[in-house]
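Peer 1: Below are the chains, spelled out letter by letter.
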Amino acid sequence: MAWNLDSDRPIYAQIFEVIQLRIISGAYKPGEKIPSVRELAAEAGVNPNTMQKALSELERSGLVMAQRTSGRIVTEDMDMIRENRNKLARQQIREFIERMNRLGFSKQEIIELLEQPEKCEER
Amino acid sequence: MLGKLLKHEWRAVWKVPVLLIGILMITAVIAGGTFALPIWNSEWVGLPLSGVMLIMTFYFAMIAVSIGIMIYFAVRFYKNVFTDEGYLTNTLPVSARELLINKVITMSAWNLIGGIAIVLSIVVFVIIMILSLMPKTSSFARDLFREMAHIPELFDSPYMEGFQGFCASLLIMVLVGAFNSTMMVIGSITLGQQVRGHRVLGAVGAYFAISAVVQVINTVVMMPMMFTMFENARMDSPFPILTIFYLISSAISLLIAVGLYFLCEYLIGKRLELE
Amino acid sequence: MNELVEVIGLTKVYEKKKLALDHINLTIPRGKIIGLLGPNGSGKSTLIKLINGLLVTTEGEILINGKRPGPESKSCVSYLPERTYFQGGMKVSELISYFADFYADFRPDRARQMLANLQIEETARLKTLSKGTKEKVQLIMVMSRDAQLYILDEPIAGVDPAARDYILRTIISNYNENATVLISTHLITDIEKVLDEVIFIRGGRVVLQDTVEHIRESRGKSVDAYFREVFAC
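As you go down the protein sequences, you meet chains A, B and C in turn. Residue -4 is where the first sequence starts when you use this note's numbering, and the numbers rise one by one after that. Residue 283 is where the second sequence starts when you use this note's numbering, and the numbers rise one by one after that. Residue -4 is where the third sequence starts when you use this note's numbering, and the numbers rise one by one after that.
Next up, chain A with everything else stripped away, as it sits in the complex (with noise of 0.2 Å):
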């Protein structure tokens, strides 16, 4: 997952989102230890301070813990995992339809298209 920090919103938000992806999509794994503030910000390319908002915010979340010596630890919590990977899917789903819709396809048009993407040639 690269990091690309372009639109306008605050960078902390977006660093959020890409690390929140990295837990779901399984590259950083439950119980694993993610690395540390300043090599997540060498990486990212952004300033540290920046980056311990963004980890403080996941810490909020709960998909990250502190530890009690230093660093943080991808949360062991599956269900938390599913839920937050859940809860993003709904939110594509949201947004695709409503982008659909735009496009004038009712909601059944949409489902038969997804089964069937070559049909949209035929119209």
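Restricting the straight-line Cα-Cα distance to at most 30 Å, the calculated cross-link-like pairs of lysine-lysine (DSSO-like) are: (1) C:K62 / B:K286; (2) B:K286 / C:K126; (3) B:K361 / C:K129; (4) C:K126 / C:K86; (5) B:K552 / C:K11; (6) B:K289 / C:K129; (7) B:K361 / C:K12; (8) B:K286 / C:K122; (9) C:K216 / A:K82; (10) C:K12 / C:K62; (11) A:K82 / A:K102; (12) A:K48 / C:K216; (13) B:K361 / C:K62; (14) C:K13 / B:K361; (15) B:K297 / C:K86; (16) B:K289 / C:K122; (17) C:K12 / B:K552; (18) B:K552 / B:K286; (19) C:K122 / C:K86; (20) B:K361 / C:K122; (21) C:K27 / C:K62; (22) B:K552 / C:K13; (23) A:K82 / A:K28; (24) C:K27 / C:K216; (25) A:K24 / A:K48; (26) C:K122 / B:K297; (27) B:K361 / B:K297; (28) C:K86 / B:K289; (29) B:K361 / C:K126; (30) B:K361 / C:K86; (31) C:K13 / C:K62; (32) A:K48 / C:K27; (33) B:K286 / C:K86; (34) C:K129 / B:K286; (35) B:K552 / C:K62; (36) B:K297 / B:K286.
Quick list of simulated restraints, FRET-style, between CB atoms: (37) C:E116 / A:L109: 53 to 63 Å; (38) C:E116 / A:M73: 44 to 54 Å; (39) C:T184 / B:K361: 30 to 40 Å; (40) A:M75 / C:T184: 35 to 45 Å.
Just so you know, these hints were derived from the structure itself, not from any lab. Quick reminder that beta carbons are idealized off the backbone N, C-alpha and C, glycines included.
Dock chains B and C against the given chain A, drawing on the hints supplied.
Peer 2: Below, chains B and C without anything else, positioned relative to chain A:
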């Protein structure tokens, strides 16, 4: 910190003057060696002439070494303090005083070493010359040693009165001279910096200006003394008068050098402007 | 504790009456990465040189840890000028011992590690290195100090994107935790994500000092876009 500055300065500068001195010694040996060559009685004028040329080369090498060392250190000081290198030199956590003392000590020391090397090269030249002439004239060595045996007697003559004092004053003048010529160079370069836009030209101008001022001071101080002394002096030996001359001249040089030093310390410490 | 840097009524007039800085007031806090932004000739380099004691102030004052620039401030400020300042005849290894001797906060191991990563031989003489490599060596030396203030004058001007990424990564992963990094540049796009705060400077005056997040939130645009707006002529 001064010790560290000296260490790194020394490490950076020793190669060039040592190379120059090495070349000087080689020319001294070659020039001395020409006396062994069978060229001096040649019919064709070209051969003795080329021998003379070789000896002249040695003479020019002596001048080249003293000027070469001076120019090398002048350029290094200018580059190291006032150009791109100055961005590092002047952001070291050392005071302007330490920085300047470091430069002055190193440059004075090498001026002195250069001077000693020139004297040594003459000694080398003479020794080689004698060794070269010995096989040619069988009586040469004998004559030479006989003459040398008379040298101690010389010191007993009234003409040599005050010779030791004279030597001491000469030594003082040489030491002060090394410091003075260093400060002349460093002073002119630093003063030249005040001529923004024409800093090198400013340095050259400053050098001539300082030299002129020194000349005037010397003349003003020396002239009246010279007259009074020649009137009162017993003329048996020239050394007591020379001793006084050298001491006064050293005192003037020292005063000027110290004055230039404090001027430079102020200019580098308080008025530094890197382009 | 004193502020890291305080600039009070700072004015600099060059020869020929050229006004470079006009009564500037600034406070540079600890622990931040700060961009000193402005077009060419706006006074960025003049301010930086004054902080490093390479120019004489005309009026006003600069205090670093409460003291004027001098040997003490120089021992805790790590400065990367626009030019390469090496003595060409030096070897890389000699440069390391030079820095280690003069700067108590210099970490030779860190410098050696970074040089090894770039496959720069320590036996190489500095004058034999390419311009780009020399600049990297200089950055490595500067970032291998545990300084309180790093001042980097145009570190990414005129380098290719790969070198720019290397430079930014080197800065982020090496600066001392509680230190401040002051980066001057006229190329904001490349550097915006790295900054906590920005100082806009134009015609020798400070136009704005604010945090990047605050500018993004209150103006609804990136600092780069806002910069273009402020400096549009």
